[in-house]
Structure formats: C-alpha cells, structure tokens
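S.K.: Residue-level listing of the chains:
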Amino acid sequence: MNTFKFYIALFFITSLTIVVSCNKEVTYSEGLTPLQPTNVDANAGTWKPVFVTSYTKYAASVPTPADTSTAAYKTELTTIKNLQSVLTSSQKKAIDYWSGGGVLRWNQIFRELVARYNLPPAPLANGTYIFPDANNPFADPQFPFSNPPYAARAYSYVSAAIYDALKATWYYKYQYNRPSPYLVDKGVKSLMPKVNIPSYPSEEAVMSGVTQTILLALFPAAYDEIMIKAGEQRSAALLSGKASSSDITVGIALGKAVAADYVARAGTDGTSTAIGTKAQWQVLGDTAKAHWAKLPAPVAASDVITWLSLDVPSRPPMLPFFGTKTSPGLGVKGWMMTNANFISERPGPPPIATQSEMKNQVDEVKYYSQNLTREREGIVLKWADGAGTYTPPGHWNQIAEGYVRDANFSEVRAARAFALLNMAMHDAAVGCWEAKYYYFNPRPTQLDPSIKTGTGIPNFPSYTSGHSTFSSAAATVLSYLFPDDATYFTDQAQEASLSRLYGAIHYRVDIEAGSDHGKRIGSYTVSFAQTDGAN
Amino acid sequence: MMLFLWGSLSAQTPMITDGMMTPKKDLGNGIFYGFDSWNKYWEGTLKRDNQNIGTLTTQAATWMGVYGLTEKITLIGMLPYVWTKASGGTLHSMQGLQDLTLAAKYNYFNKEWGQNSIRLFALGSYSLPTTNYTPDFLPLSIGMGCKSLSARLTGTYSLKKVWTFTASGAYTWRGNIFLDRPSYYTNGQMYFSNEVQMFDQFDFIVRAGYHQSNWHAELFYTQQNTLGGGDIRRQDMPFASNQMNYSKIGASFLYVIPQVKNLAARAWGSYTIAGRNVGQSTTINAGLMYTLHFSNTQ
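Line by line, the protein sequences are chains A and B. In this note's numbering, each residue's number is its place in the first sequence (first place is 1) plus 98. In this note's numbering, each residue's number is its place in the second sequence (first place is 1) plus 42.
Isolated chain B (complex conformation) (with noise of 0.2 Å):
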C-alpha cells in the first residue's frame, strides 16, 4: 500500500491522517496490495517520458496493524514488501522489506454539539529501513533509506453525522542516508563524501467525505513538499536527496462486511496532478483489516 514512488509514505495513508481512533484493547490487522505506476515524470520542472524506463510499477505488500491502547491513544505499525520494475531498458528490478513504521495518535480533543462535532489528533511516527536496500538505484530503489520522524495535526468536522471534512499536516524530519559511493553531485555541488543529506518534508491533505452506517467514502487533495535538494539535471538519473514535491487528488474507501464479523475493506486510490523530480503515478491500494477485541467489556 502508499508506495508511491519517491514520496513519503506515511503521508498517503488513511489509517496515519484520518480522524479514525481504534477502540481500547481492539487489534486490528490488515493485509493491503498496492500498484503504483508511471509513465512520465517530472525532470525538474520538465515533463517528460523515457524509453529507457517505460513504464514504472511499483507494487507492495503491507502488513498494517492498529491497537487501542485506551480511547484516546491508537498506535499503528505498518511494514511493506516491495517490488519495482521498469518496463523500458535493461535496469534491474528490486525488490525487498521496506521501511517499518511505528505511530500513536491522540485525540486530544472532542466537541459535540447536536449532530455536529469537532475532532483533533496528534500523531506522532517513526520509520526506518527495515533492510539494507540502496536508495542510490532511483527510480528502481524501493525506497529512499532513511530514518524519519513526523509530528502531525489532523482535524475532522462531522456535519449532520452524514458529511465529514478532515485536514491534516505534518511536518517530517529526515536523517542523512549513506551511499556506497565516495562521492557524488547533486543541487550544484560536488559532495566528496558518501553521506548525503535528506531534507525535511512537509505535507498535508485534505478530505471531504460521506458516512453512513457500514461504509464511509471520501474525495481528497493532498501536497507533499520536500524542503530542499536539487532538481534532476536534464538527461541524468534522479538521485535520493532531490526536491520531490507532487500534488494528488484520490478517493478512498471504507467498507465494514456486514457478512463477516469485525472484518473491513479499505481502499483508495490516487492521481498525480503536478510534481517535481517525481513520476506522475497513479495508485491503487486495497486491502482487509480484521480485529479482535482483547476488552473484557465486550
């Protein structure tokens, strides 16, 4: 799920920027598939396809987990499977365990008034490669390699219990990342080293959604901005610390089985509208989550 080539990856799930809590004592696991593919990307500010790569597909394998830890604390884990292929030129495709990410969210506030309410979460995560995969392979790594850690908002308004609208922001710290390499360039400059500098990222999305009793369907618009790096130079292969921003529009899903007892069906997918130093992907994601409750008062 959320692999989306050269983007953040927690920024693209529901589960991290919804106002969604998970009951105390609830476990809730999930299995996601994800397809994300692209035909053009994004050369700097240059658009533009390349024989040499076709089309790039990505596709992962998520195990997802949420647990209430009390009613206003839900932490969740997710660890994606991935693999890349190009269809164009003679690249090696990889694949491998990505990044592990832990997060607990916080409602730490609630306002109900007649069938309207207000809702905000903090959340806090944490990532970091699970493997010792190359992000230096762009745009076939299956990842960028680094450690990160994101402090985010997110807010939902209920109207009439039926409309929902969701805002959500983080702010996400990146740590450096280290290459086989001795040397290399980017942004300009010649670095003589093998560490490089991944800078910091900003996100945020937005929701409007539908809700009824088993099911909860929802449009979004949603910004990743990374604060820093250089642009892919004309002709030359995308390097990790580049300045990837995009803008999607998606919708996503939610469906409880009425037929099968605490199972849920979750999807959504995505589109890429404008980029930079990314490819114009678009993503589908679904998947299904099932929870036990460990509450004595059920």
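Chain A with its partners taken away, still in its complex shape (with noise of 0.2 Å):
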C-alpha cells in the first residue's frame, strides 16, 4: 500500500507542477523589437499629402533652428547631459518601450483604446437606451461607443494624421539638417536605436503632438492615459539623446498644427449626424422601400421584407447614416473615395426575401446554426471581433503590425503602411454601411427565428456583410504592401467572411458581396499608393 500511496502523491506532486508552471502571468503587450530602420526615407518630404494641402503650409510652427553651435544649443546639451546622469528606471523602461517604434506604439494603445470603449449602451429599466454624450463622456453609458465603423474611422483618422505629419517632419528636417545631440557632443549617450536622420523637428515629439490631439478628440474620457503616452514619448526622445528640447518643442507644435486641420475635417466629416433621429429611424425601412422600386428590376413594397432589431429590448440600429449617400447633407465622407464612387461601387440587391432564392440562403445558414463544428466554432471565435474588442478594423491592424514591425520600415513608411490600410477600411465602412442601409435587408433570424448564432448579431442590416468589406479591402491594401504574403492577406479574408456564415448571422450572399466590394474599395487606396512618390 506504500507504494500506491507513493504514487498517488507522486501524481498531484506532478499535477501540481503542471498546473503552477502554466499559471504564468500574460505579457500585457506584444513584443516589438529596438526599431533600426533598413531605409531611412530621406525624401519622405517629397511624398504626396493624403489630406493637408502642403507641408509648406506649417511653416510658422518651425522656425530655423539654432545652429548647435550657438550659447543656447549648448545649454540644450547640458540639460540632457544632467538628466542622463540622474535616468530612473521608469525612465529607463519607457526608452526601451518607446524604443520599438512610435507608429507601432500608438497602433497599439489606439486599438486598445478602441476595445474599451467599444461598448454598446445598456438598456433603461423602461426598455429604452440613451446615446453616449460626448460632453459627458464619463458618464454610463461613456463615450464614445466605439462600434466598427466609429473605429474604422478613429484608426484612418490617427493613422493618417500621423503619416502627413511624418512626411511634414521629414520635409523639415532635410532642410534643417540638424543632427541629434549624441552626434553633436560626445559626451551625451545615444540611448535609441541610432537613426541617422536630422533631428529637427523631432519625430517622437511631432507624433506625441498629432496622436494625443486626435485621440483626445476621439476618446475624451481617456484623457490621462492619452497624456502620459505622449508626455512619455517627447521625454524618451530627450532622454535618450537622440533630441534637443528645442528638437521637441518645435515637433509637439507641428504635430498639433497637422492635428488642428484633421480634427477640424472630423468635426464636418458627417459623423456629427450619423446617430440620426427617432422620426428618421422609423422612415428607414420606406426609404429602402423607394430605393427597391427604383431598381433596374424594380421590387414591389409588399414584396420587401425590411430588417428589424433583434435585440432586445428593441435597439436603434448602429450608424444608420454613417453611410448615406442619396440625402443631401447626411453621410461620412470618404478618404479615397467620392460620393459618386460611394454610389457608383455600391454592390447589387440581395436576392428578394419573399423569393425561392433567399430561402435557399436562408436554409444554408440554418445548416451551419445546426453544424457547429468545433474548427468552425474556432473560425468565428478568431474573428467575432464584437463588442469590447478593438473590432474588425482592430484585428487588421493587428496582423499588420507583425509585417510592418518585421519590414524595419522607417517610421514614415510605417506610417504610410498604417494610413493606407486604415483610409481603405475606413472607406470600407461608409461603403458598406451606404450598401446596409440602403437595402435594408433582415438577419437570417429575423426571417427563420429557429437559427441559433454562434456570435452575437449585430443591431444592423445583414447586406453586405461589414467583416468581409473590411477584411478584403485590408488584405487588398496589405497585398500591395506585402506582395510574397498576399496569399495569406487573402485567405484571412476569406475566413473573416466565413465567419460569419458560420456564426449563422450572414447569408452566404451577404459575404461574397461585400467581399467584392471590398476589394473595389481598397483598390483606390491602391490606386492613391502607387502614385504617392513612396516607391
């Protein structure tokens, strides 16, 4: 019996090994390595704006510097000079951190922001909802509720800031050519990755100034948070030699200047209006009504079933003009895109709900309601991207950063990576929103309650699906940019898409459209890209 009793505490003596060995704490953000850039990108300053209309036009904020040999420079040096004599650890710490990339870094904290506030409104004990109020962003239910197209939006809006800010940047610091201080004196210690590229302005300072003005535009409740990032970036970049303070003061300017004209576009982009009113919901479904008659084979109105929330209590749906194109005054504009195109790349009817061929989409969502196999369960787990997550957009970014992080791209060219993808999904969103709204067309369980979903359904209309506009126009935009990995870019789309079929919230025409659409819509970034000056 000693021997049993051995081997049975042998065996927890085992398990518990197993068990305390696997219970390790969760690195709390991905890895990125010291950024050494394989290009520089000297003639960024050259390259094409996305929205400002000049780098000239900043002028004012950057003023020649001080030659580094003047009194005043000097003094510059020996401030870093004192403060790199007394580095804390934390100090330490956020070198190293910042050390892996600004455009990657604040990639990272945004969708995070993203996830947090991506909340919807819980309902009032009298079944009713209140909006998130931008003036009291504190409050429950908090602002924003940062859904997929708020946060389509969100990213293109920092990402591309940032980029026409860094090509801004680096038209100033070819003119200026002034080297860093641990070039200038050898007595200050270069504690970032040795870029050799001018100093002033400072990069880290411009994009420090560009993102928390935005952010702090997008996601006001955040405010602290948003401030010690970048306060932590410019000291980073002071710290670490590679700064002056006037190297910092004069990007913090820049970046808040570039900032100024994009949160001045966001307050006019439409999004102001795209919540809608009561009165305006409950003509939604006359609206598609009309635009189902118009068509080249006209639909009757009795024929027309229209979406109806299934959440419950009954919610409003999400956005309902974010996308609008055909009323006059109501609609986000688009980065690379016109209305006109908006209108022109809008994806055809679904079939007719009342007719033979939706019923067979119908009954291939209820098979898979009724198959959820486990890889597939896996599939639309890996992709759901719902509520309190950093959305479709999010996951995007997410497998971009690997690419762009592992290309050692210049922080310019990161940028321009970010801003291409983050403007088509953008675009993806109001194109595929104009598309939701403008049908109108129900949920697989709106028309067969008997299907079971494997992912919460989203409170908008089922045409066209928002995952597969994203995702293919993201893996389109990424195959340009990554051309050997296309591939992979375009099977990751291809199972966002499926996805949702999977899930048994889209029908199978719901994710061949929108994935078309998709590809449409990123190809005039693509388009915007190749003639950018950047290749």
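Incorrect hints may appear among the rest.
Some, not all, of what chain A presents toward chain B, calculated at C-beta under 7 Å [to be verified]:
#1 Glu123
#2 Val282
#3 Gly285
Which bits of chain B does chain A cover? Going by a derived footprint, with three or more residues having C-beta under 8 Å, they are [what the hints assert, rightly or not]:
#4 155-163
#5 169-183
#6 221-235
#7 285-297
Just so you know, the hints here were simulated from the structure itself, not pulled from any lab data. Note that CB positions come from ideal geometry on N, CA and C, so glycine has one too.
Make the complex out of the two chains shown on their own, each in a separate frame, by following the hints.
M.R.: Written out as structure tokens, the structure reads:
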C-alpha cells in the first residue's frame, strides 16, 4: 500500500507542477524589437499628402533652428547630460518601450482604446436606450461607443494624421539638417537605436503632438492615459539623446498644427449626424422600399421585408446615416472615394426575401447554425471581434503590425502602411454602411427565428457583411504593401468572411458581395499609393 | 451535478468536501443529475437581468466513482456531461463532456471520546478538460477550460453521534487557458495574446447536520473567491478570467435505501445569496450511488 501512496503523492506533485508552471502572468502587450530602419526614406518630404494641402503651410510652426554651435543649443545639451546622469528605471523602461517605434506603439495604444470603449449602451428599465454624450464622456453609457464604423474612422484619422505629420517632419528635417544631440556632443549618450536622420523637428515629438490631439478628440475620457503616453514618448526622445528640447518643442507644435486640420475635418465629416433621430429611424424601412422600387428590376414594396432589431429590448440601428450617399447633408466622407464613387461601387441588390432564391440562402445559414463544429466555432470566435474588442479593423491592424515590424520600415513608411490600411477600411465602413441601409435587409434569424447564432447578431442590416468588406479592403492594401504574402492576406480575409456564415449571422450572398465590394474599395487606396511618390 | 455556472465544480460536491470515507475495497458508482438556473447575474457588483439571455439553464449528468484504497484513503473520480441553454436572445446552446476530476481523500486524524469524535481529512484533486470545448462563449460555455489542482483540508466534529459539524476549505491553482482569438481586453488592459491567466481560487464550506442510522441531513453555507481578475464591464459579456465570487446557502440529504442493498440516494441544492460576475443560481442535484464490495472480509 505504501507504494500506492507513493504513486498517489507523485501524481499530485506532478499535477501541481504542471498547473503551477503554466499559471504564468500573460504579457501585457505585443513585444516590439528596437526599430532600426533599413531605409531612412530621406525623400519622404516629397511624398504626396493624404489630406493636408501642403507641408510648407506649417512653416510658421517650424522656425529656422539655432545653430548647434550657439550657447543656447549648448545649454540644451547640458540639460540632456544632466538628465542622463540621473535616469530612473521607469525612464529607462520608457526609452526601451518607445524604441520599438512610435507608429507601432501608438497603433497598439489606440487599438486598446477602441476595445475599452466598444461597448453598447445598456437598456434603461423602461426598455429604451440613451446615447453616449460627447460632452459627458465619463457617464453611463460612456462616450464613445467605438463600434466598427466609429473605430474604422478613428483608426483612419489617427493613422492618416500621423502619416501627413511625419511627411511634413521629414520635409523640415532635411531642410534644416540639424543632427541629433548625441552626434553633436560625444558626452551625450545615445539610448535609442541610432537612426541617421536629422533631429529637427523630433519625429517622436511630432507623433506625440498629433496623436494626443486627435485621440483626445476621439476618446476624451481617456485624457490622463493619452497625455501620459504622449509625454512619455517625447521625454524618451530627449532622455535618449536623440532630440534636444528645441527639436521637441517644435515637433509638438508641428504635430498639433497638422492635427488641428484633421480635427477640423472630423468635425464636419458627417459623423455628428450619423446616429439620426427617432423620426429618421422610423422611415428607414420606407426609404429602403423606395430604393427597391427604383432598381433596374424594380421590386414591389409588398415583396420587401425590412430589417428589424433583434436585440431585446429593440435597439435603434447602429449609425444608420454613417454611409448615406443619397440624402444631401448626410453620410460620412470617404478618404479615397467621392460620394459618386460610393454610389457607383454599391453592390447590386440581394435576392428578394420573399422569393425562393433567398430561401436557399436561409437554409444554408440554418445548416451552419445546426452544425457548428468545433473547427468552425474556432473560426467564428477568432474573427468575432464584437462588443468589447478592437473590432475587425483593429484585428487587421494587429495583422499588419507584425509585417510592419518585421519589414524594419522607417517611422514615416510605417505610418504610410497604417494610413493606407486604415483609410481603406474607413472607406469600407462608409461603403458597407451605405449598402446596408440602402437595402435594409433582415438578418437570417429575423426570417427564421429558429436560427441560433455562434456569436452575437450585430444590430444593423445584413447585406452586405461588414467583416467581409473590411477584411477584403484590408487584404487588398496589405497585399499591395507586402506582395510576398498576398495569399495569406486573401486567405485570412476569406476566413473572416466565412466566419459570419458559420456563426449563422450572415447569408452567403452578404459575404460574397461584401468581399467583392471591399476589394474594389481597397483598390482606390492602392491607386493612390501607386502614385504617392513613396515607391 | 454541481455544475454551477461560472463556479468551481468540486467545491460544491459533498463527496469532495464532506468527512465520509469509503471502506477499503468498496467501489461506488453513481449517476447524478444537476439543474442550475438563473435569470439575474452580477455584472461586476451590479445585479441585473438581460433579456438577450433570459433564463440561463445548465444541466449536467455526472458519473461519480469512489473507491476505498485503504481505510484511510478514498479515491474519487467524476466526469460531467453538460448542456447549457439561454431562453432569450439568439445565442447557440452548448453541450459536451466537461472536466474530469480525480481526487484522493486522506483521513489523517481521528479522536473519539464518549459519543463525540473529531476527524480530519486532507484532499488533493486534479481536474482537466476532457474535450476541446471553448471557454470563450460565456455564459453558454460549458466550463472554463482550465486545468486545476486543489488542496483541501476538512474537519468534522460529531456530537453525541447525531449532530455533525463540518468545515472545509481549499486553495485551487488554475492553469492558463488559450482562446481561438489573438487578443482580448479584460481588467482594464488589452492583451495581444490568445493566452489568458486564470487566477487561483479559494473556497470554504461549513455544514451542520443531523445523522440517523440510514440518513443524514445537512444545511450549509459556502463561499468561493477568485483571487484576481477583472469585472464584467457595463453591458459587456462575461469573460473566463473574470473575478467570479459567490456565497450560497443550501441543504443536502443522504439516504441509504433499506429495500435495496448497497444503494444510496443523495440530493443537494443551493441558492446564491451574493455574487460578483456570476449568475444568481438556484441549483438542484440528485442521484443514486451503488456500492460493490471487493473486500474478502465482507
């Protein structure tokens, strides 16, 4: 029996070792290697702007710097040396953190902000909902509700503004050619990777200024965190010997000046009216029926089944006027596409809900609902990217992150990659939302309530699939940027699309039309990229 | 049995937390049916309902085996098959074989005086998922998907041979789990990883009972605390590593059926009186246990 006891004891000790050894703290953020660009992209100041009219318009923010031989500049060097002699461990940690690349770090940070704020309002006791209030962002519901269209737009504003701001930075860097402090004075240590580019204005300071300004407009309740991160980034540039205080002061000013132009655009881009009013929601069905009646093959209003919210209590539709292009004054602007482009690229209609072709679509969804294998469930969960997550556009930013990091792009080229990706996904959001509310088609479960779903049913019309549109627009841009891996991106986009059919929340026609649409939308951004001077 | 939504499995099972031993070379096998339901839950500390879930029902059919390795050591095994279903909303119900638990209970101290006695027990148990079910579909997931190991101490005091008082407490180490997705947000942080840290748990139970020759009735209070983890955010879905805490009151009953040799019936139920990131469950379990004697002395 003692042998038995011994084996039992051995079993539990082994089990404990196994459990305890796999009970480790999970790393907070994705690791980045110190950024050492293979090409500094010295000509980035000549690349085409995305939105700003020119880089020279910010000349007032970037005055001619003092020469490095002046007493004023030498004082700046002394300050750095003094600070470097008393570096704290948290300052060293911040330098290491930002050495991974400012563009990549900010991308991680705003993905986190989107996930934090991507929660729908809870219903009130009387069965109604109140909307987040930009003027009271800390309330319940918190502001914003960074749902997929909001998030796509947010990612695009931050990414595009960083990109334009960095091109302006490169323009002035190579105009003034002021070296980094550690190159001027051997007594200044270089604690960040040595990148052989001029330091006036500091790219870290520009990024901190532009990003802080835009993020505060998008996520006002995250004020403390945004300010701390932005401050930390420019401190890291100073303490690492990479930039002097005048490199930084001017960088902040330039970043904020570019951001101001973007914030002005955001204030008038149509987002403020995207939610609409109760009176407007009530006529969405009638408006859609009017659209169906005007199709090349007109459909009678009596044959059109319009979308109903499946949330309990019934919830107002998500951002019904985000994509509108057929009512003047409504709808969010695209980056690469005009209103006319959005209308001409709109997918044709789905099958009519009352006809047999649609019944086949419903039957297929029902099949997947009743046959949710573990493999398909894994795909559904991998791509769900629903409430509380960074949304599908965030997922594609995460996919892009690894490629941008491994490519060792300069900051400005990394910014280009994320700007192109996110502008395409913003346009995908606008185009997809346009189609969704143009046709106002019901979800499978509305047509057949026995269809149970492997993920939550999003609270907006079915046709076309947002996941499919986002993913194929993203895959189109990433395939242009990283052609060796085009097959991988296309496969991932295809999997993301199918996840919505497997999860029984979309018909096949939704995901096929969405994928085609996304590819066409992405090609507008690729056309821009082909002639932007960066190739 | 004892599948309490979002709760630890073994901490709820009388065979794990009581002071009963199985005689040497006796093998007991039983099947238990469990029913757990709630229509209110705690979103963090806010108690609420959710019409997109309605009433969440969890049912389980559990095999349980006990074997007397020696007079001092009893081995216990259990394996539940679990069904979950939400009466509201559109989310898919789930079902499948859940976690296998293996435990050994060691009676290391006995003292009797007159009609009173004190007995002390140490129990170790190990639990692991038997299927690749997802823990990432709460509240409909059938379990947490983590391996765990518990160390438990139990003491019973028997007064005048009829009154019993039992206290039991355990520390449970839990292994990390892996999701199908590459990132998640919980406890105020974004994690760009599919690996989730599952925090350890502590639970205790106190029981007071009355014992007669062929039956034993008890009332109990039990509490479980998760030693870390975040709250469910406002209007968010629950997440596997949430800090799931609860307090329950309940009753259990054991009846050795006189008409059928070696057959015992066992039932217990509980009601959640306080919680955090868990449903306010009402739970009922009942089943039969049949014992085979392999001892030569019988």
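S.K.: Evaluate each hint against the coordinates.
M.R.: These are the hints, each one checked on the structure:
| no. | hint | verdict |
| --- | --- | --- |
| 1 | Glu123 | holds, 6 Å |
| 2 | Val282 | violated, 38 Å |
| 3 | Gly285 | violated, 39 Å |
| 4 | 155-163 | violated (count 0) |
| 5 | 169-183 | holds (count 5) |
| 6 | 221-235 | holds (count 13) |
| 7 | 285-297 | violated (count 0) |
Hints 2, 3, 4 and 7 from the earlier list are contradicted by this structure; the remaining hints agree with it.
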